[in-house]
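Colleague: Residue 227 in numbering that gives the first Met the number 0 sits at position 228 of the sequence shown, with consecutive numbering throughout.
Among the hints, erroneous ones may be present.
[As the list claims (entries may be wrong)] Below, computed lysine-lysine pairings styled on DSSO-like, alpha-carbon distance capped at 27 Å: (1) K41 - K57; (2) K132 - K51; (3) K132 - K29; (4) K143 - K132.
Don't read these hints as lab results, they were simulated from the structure.
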Amino acid sequence: MSRWPHDDPASLAAFYGDPAKGEPGRQLVKVVPPFRMTYEGKPIPYIMFHRKAADALKAALDAVWEHYGRNQAAVDRAGISKFSGAYNHRLIRGSATRWSNHAYGAAIDLNAEANGFNTGHGTMPQAVVDCFKAQGALWGGDYKGRTDPMHFEFCSREAVARPATLMDSPQADADSDAGADDDQQQGGDAPAPSSRRGFFGRLRNWVVAGASTFGFTGIGALTDWQIAVALFVFIFVSVVCTVGFIIWFFGADPVRAWVRKHVA
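Please build the complete structure, drawing on both the sequences and the hints.
Modeller: Right under this line is the structure:
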């Protein structure tokens, strides 16, 4: 039996706390990596992680350090010293209801630059994957469909004693923090990205939530500007089609006369 909770909202909340109530955020502790790590080029002294998974994260990083002969240059060449996010109080991208495993303080991303969303196994060294798996962590490079090779999470997808649901299948959607600009607690003094509390942030959330309602969950993987462009194009095409339909239905001359009377 896995030492980690099953990857479903009820099991995760029972083990790590309910993100909706801010419980995981109150159980974070500092994990000091054995080698120098940076966030966006700036050194970080520690990583904030859930207290129940902190020892496992430390053990995985210690194992990585030992594998590379306690050689900082070797770790840097492997890209593992590039920290890309851990605790982040947010929903899974593309979902309006389910919390990311980052929101439980139980997931970490490494070297997002070379291990982006849907890039297969990326460049993540197998030795690093093995070090995390030895602690029971799941790797995003094993996801079915769209992979997330930067991502490691301390949860389980072992069969549970209940009717099978989609939750029991390997996760297909990325859960990484690459490109995220939600409120994020990074490591040490690393700068946290700006919050999505402005107009465009709220607009993105409305669009993603609305699209998810109709089954278009993939839109959550788009960046803010991509969503803004897509929304603009949608509105523009809708207006053009509407005007074209009106002209076709009523005729060009009546429409022209109406415009001259009410607009010109």
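Colleague: Please go over all the hints and tell whether each is borne out by the structure.
Modeller: The hints, checked one at a time:
1. K41 - K57: holds (20 Å)
2. K132 - K51: This hinted pair holds, its Cα atoms lying about 16 Å apart.
3. K132 - K29: holds (21 Å)
4. K143 - K132: Distance ~17 Å between K143 and K132 Cα, so the pair holds.
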